[in-house]
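Listed here are the chains, written in short residue letters.
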Amino acid sequence: MATCLCDAFYDDVARATVEVLEYLGCTVEFPAGQTCCGQPAFNGGDWEASRKVVRHTVKTFAGDVPVIVPSGSCAAMMFHEALLEFEKEADLPEIEAFARRTWELVDFIVNGLGIKTWPGRYDAVVAFHRSCHLRGSKSGEAATTLMSSILGVTLVPFGEGEQCCGFGGTFSVTFPNISGAMGDLKLDHIRKANPSVLVSADMSCMMHLGGIAEKESKPIKTQHVVQVLRDALKNANLL
Amino acid sequence: MKTQPIDQFAAHLKADTRAAVYDGSKKGYDARIKTLFDHFEDPNRLRVVAGEIKQHVVENLDTYLPQVEAKLKANGVIVHWAATAEAANQAVLDIMRARNATKMVKSKTMVSEETGLGHFLEKNGVECVETDLGEFIIQIDNDHPSHLVKPIIHKNRRDIAMSFEKHGLGAYNDDPQTITRRARAHLRKKYLESDVALTGANFISAESGRLVLVTNEGNSRFCLAAAKTHIAMVGIEKILPRDRDLALLLNLLARSATGQQLTVYTEFITGPKSAAQPDGPEEMHVVFVDNGRTDVLASECREILRCIRCGACLNVCPVYRQASGHAYRSVYPGPVGAVLTPLLAGKNFPAFADLPKASSLCGACNEVCPVNIPIPDLLLRLRDRAKQEHIPSPGTPPMGPWAVLASRPMIWKTALTGGKAINYVSTKLIPVPALHTWENKHSLPEWKGGVFRKWLRNRPAKSSSS
Numbered sequence: 051m052a053t054c055l056c057d058a059f060y061d062d063v064a065r066a067t068v069e070v071l072e073y074l075g076c077t078v079e080f081p082a083g084q085t086c087c088g089q090p091a092f093n094g095g096d097w098e099a100s101r102k103v104v105r106h107t108v109k110t111f112a113g114d115v116p117v118i119v120p121s122g123s124c125a126a127m128m129f130h131e132a133l134l135e136f137e138k139e140a141d142l143p144e145i146e147a148f149a150r151r152t153w154e155l156v157d158f159i160v161n162g163l164g165i166k167t168w169p170g171r172y173d174a175v176v177a178f179h180r181s182c183h184l185r186g187s188k189s190g191e192a193a194t195t196l197m198s199s200i201l202g203v204t205l206v207p208f209g210e211g212e213q214c215c216g217f218g219g220t221f222s223v224t225f226p227n228i229s230g231a232m233g234d235l236k237l238d239h240i241r242k243a244n245p246s247v248l249v250s251a252d253m254s255c256m257m258h259l260g261g262i263a264e265k266e267s268k269p270i271k272t273q274h275v276v277q278v279l280r281d282a283l284k285n286a287n288l289l
Numbered sequence: 003m004k005t006q007p008i009d010q011f012a013a014h015l016k017a018d019t020r021a022a023v024y025d026g027s028k029k030g031y032d033a034r035i036k037t038l039f040d041h042f043e044d045p046n047r048l049r050v051v052a053g054e055i056k057q058h059v060v061e062n063l064d065t066y067l068p069q070v071e072a073k074l075k076a077n078g079v080i081v082h083w084a085a086t087a088e089a090a091n092q093a094v095l096d097i098m099r100a101r102n103a104t105k106m107v108k109s110k111t112m113v114s115e116e117t118g119l120g121h122f123l124e125k126n127g128v129e130c131v132e133t134d135l136g137e138f139i140i141q142i143d144n145d146h147p148s149h150l151v152k153p154i155i156h157k158n159r160r161d162i163a164m165s166f167e168k169h170g171l172g173a174y175n176d177d178p179q180t181i182t183r184r185a186r187a188h189l190r191k192k193y194l195e196s197d198v199a200l201t202g203a204n205f206i207s208a209e210s211g212r213l214v215l216v217t218n219e220g221n222s223r224f225c226l227a228a229a230k231t232h233i234a235m236v237g238i239e240k241i242l243p244r245d246r247d248l249a250l251l252l253n254l255l256a257r258s259a260t261g262q263q264l265t266v267y268t269e270f271i272t273g274p275k276s277a278a279q280p281d282g283p284e285e286m287h288v289v290f291v292d293n294g295r296t297d298v299l300a301s302e303c304r305e306i307l308r309c310i311r312c313g314a315c316l317n318v319c320p321v322y323r324q325a326s327g328h329a330y331r332s333v334y335p336g337p338v339g340a341v342l343t344p345l346l347a348g349k350n351f352p353a354f355a356d357l358p359k360a361s362s363l364c365g366a367c368n369e370v371c372p373v374n375i376p377i378p379d380l381l382l383r384l385r386d387r388a389k390q391e392h393i394p395s396p397g398t399p400p401m402g403p404w405a406v407l408a409s410r411p412m413i414w415k416t417a418l419t420g421g422k423a424i425n426y427v428s429t430k431l432i433p434v435p436a437l438h439t440w441e442n443k444h445s446l447p448e449w450k451g452g453v454f455r456k457w458l459r460n461r462p463a464k465s466s467s468s
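Chains as they are written, first to last, in our numbering: chain R, 51 to 289; chain F, 3 to 468.
Rather than coming from a laboratory, the hints here were simulated on the basis of the structure. We put the beta carbon where it would ideally sit given N, CA and C, even for glycine. You may find that some hints are simply not true.
With the C-beta cut set under 8 Å, the calculated list includes, among others, these residues of chain F facing chain R [what the hints assert, rightly or not]:
id, residue
1, K16
2, F122
3, V321
4, K359
5, S362
6, C364
7, L418
8, G420
9, L446
10, N460
Negatives, chain R to chain F, calculated, CB over 12 Å [claimed, not checked]:
id, residue
11, G95
12, V103
13, G164
14, G186
15, L205
16, S222
17, M232
18, A243
19, N285
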């Protein structure tokens with residue numbers, strides 16, 4: 051799954067996902083009928099609308115191969131949140147089966163494929179924003195495990211790392227003052243750590259933080275974890 | 003674009019207040035992490051077990067309530083049942099009138115805030131004095147608590163010094179020790195004059211009928227030392243199955259709330275004073291309060307009844323930190339309040355249906371909850387309920403048309419490619435209010451719809467678009 055955000059804005063993240071998975075020996079299929087995971091309506095409280103989209107997604111990804119998502123929040127939508135809104139629906143078993151074969155990308159690489167170290171080289175001071183949908187999952191640790199094994203990467207911690215960046219989907223436009231203040235605070239902490247790149251496993255957080263930084267004319271370089279992995283391979287001519 | 007009420011409240015919050023709330027919350031959070039993770043190898047396991055115990059109680063209230071009533075009666079306690087806030091307040095007033103009592107000292111209890119007991123008693127000619135320092139300050143200021151365990155988190159010491167001066171408690175002095183000493187001198191008299199002491203209960207054991215109170219100021223001990231009658235107002239969900247469960251719950255409560263191993267005082271009360279005891283209340287009453295709790299039990303959000311009112315979810319919540327507790331228009335603020343308030347409101351649900359929206363769904367509340375309440379899931383269930391009940395939600399973009407688009411792949415693909423227009427025209431011309439709100443604070447990334455799909459189609463690699 052490319053996620054609609056990468057499909058619309060972050061084509062290079064989708065591309066890096068394909069390149070990295072292929073490097074690891076996977077064959078990537080991209081069902082062209084895919085749209086969105088249904089999360090915007092789910093979070094917005096319109097579960098009826100969300101279920102329509104989830105059903106479309108499940109149909110589009112029919113089969114038994116793992117579904118890999120380069121976004122913690124879309125992955126969590128599939129393996130946790132969709133189950134809530136389908137509790138009383140007759141097709142719950144199909145949603146559950148789909149949830150069981152859905153993986154967040156970095157979790158899949160580390161815990162699915164068993165890759166614990168990453169080759170190549172990437173000279174950067176990386177601030178890793180552990181996005182909220184990685185809470186309680188193995189993805190955050192997976193991302194730091196992989197990145198810290200890359201030659202040239204220095205991971206820097208920053209203040210209040212456990213706090214949300216303030217994006218929250220429609221929250222960013224229905225609570226613009228609070229969302230913006232949360233974003234400002236996150237950016238303050240990140241800038242104090244002085245990274246050369248801000249990395250996350252969710253491009254939605256990066257769209258929010260990067261968007262604020264750019265609007266302030268103090269842009270900050272943002273990347274998805276998978277772009278770091280791909281660039282490390284490229285820099286060492288492994289790709 | 004019209005934004006949500008809590009967001010508007012936050013936008014107008016005084017900088018001083020925001021700073022006080024932010025600092026107080028953050029301190030609570032940091033202290034919690036330290037004591038929990040320094041003392042326990044796997045505190046998350048403890049949270050899960052505590053959650054299971056409380057969930058067991060919630061699922062078996064029909065068994066535990068008669069059991070605890072029988073134990074309390076055997077211990078010499080008079081038990082009252084109140085279905086509503088009004089009935090609970092009336093029960094307290096009736097007990098006082100039966101004893102010709104006119105003066106009450108009160109230790110901190112959230113359920114009495116919920117029922118509005120203090121104002122009710124004052125209206126009925128009873129002097130009712132809050133003895134917890136924070137609640138005392140709230141009372142003299144005619145203010146409302148804004149946090150479950152730190153009711154005056156929104157005030158700084160200068161605010162407090164000014165209100166002490168205003169209410170004749172001494173000339174302006176913002177030294178915390180002086181403030182405390184003055185409150186103490188004032189309250190000592192009140193303890194001695196009182197007829198009745200009112201407390202809450204943090205827990206009641208169904209096994210022994212033992213009532214447990216935790217405080218840091220010792221004020222509940224003073225309350226109970228002088229008064230002849232003790233009334234405990236208790237929500238029906240406060241039961242624990244066995245005394246031994248207290249070991250786990252007390253360890254989690256203080257650490258989660260204030261980062262203490264234990265509160266300074268932990269009192270176990272098993273009834274009125276015995277013949278062998280020189281002092282203490284001669285009469286003890288427990289008023290069990292429902293006030294909507296059985297409706298919560300019947301809802302799809304019953305997990306919220308596990309709550310032990312520690313305030314950890316407030317402390318960690320980024321929305322609470324920005325908006326303060328008063329933004330929630332309820333005695334229960336923050337994430338727990340955003341779930342509990344609309345549920346306890348009963349028919350008045352629509353008036354509070356915006357509260358569950360006040361979350362980025364970051365999940366931090368669930369991560370710190372000592373009884374592992376899945377707060378984000380409950381917020382989402384309430385959002386769904388609000389939508390089903392057709393309650394308007396300011397600023398929320400309509401999702402129906404979006405869902406149609408997102409379940410028709412051909413139209414979706416066209417929109418993906420066509421969306422590129424946004425790169426070339428002024429977004430001011432696009433009639434989507436959410437987009438304009440976004441652009442007040444953020445740049446919009448360049449639209450790249452279709453680029454990835456084209457790359458995938460045009461490459462001679464093994465992966466493919468199917």
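Here's how the hints hold up against the structure:
no. : hint : verdict
1   : K16  : violated, 14 Å
2   : F122 : violated, 34 Å
3   : V321 : holds, 6 Å
4   : K359 : holds, 7 Å
5   : S362 : holds, 3 Å
6   : C364 : holds, 3 Å
7   : L418 : holds, 6 Å
8   : G420 : violated, 11 Å
9   : L446 : holds, 7 Å
10  : N460 : violated, 12 Å
11  : G95  : violated, 3 Å
12  : V103 : violated, 5 Å
13  : G164 : holds, 21 Å
14  : G186 : violated, 7 Å
15  : L205 : holds, 21 Å
16  : S222 : violated, 7 Å
17  : M232 : violated, 5 Å
18  : A243 : holds, 18 Å
19  : N285 : holds, 20 Å
This entry does not satisfy hints 1, 2, 8, 10, 11, 12, 14, 16, 17, going by the numbered hints stated previously.
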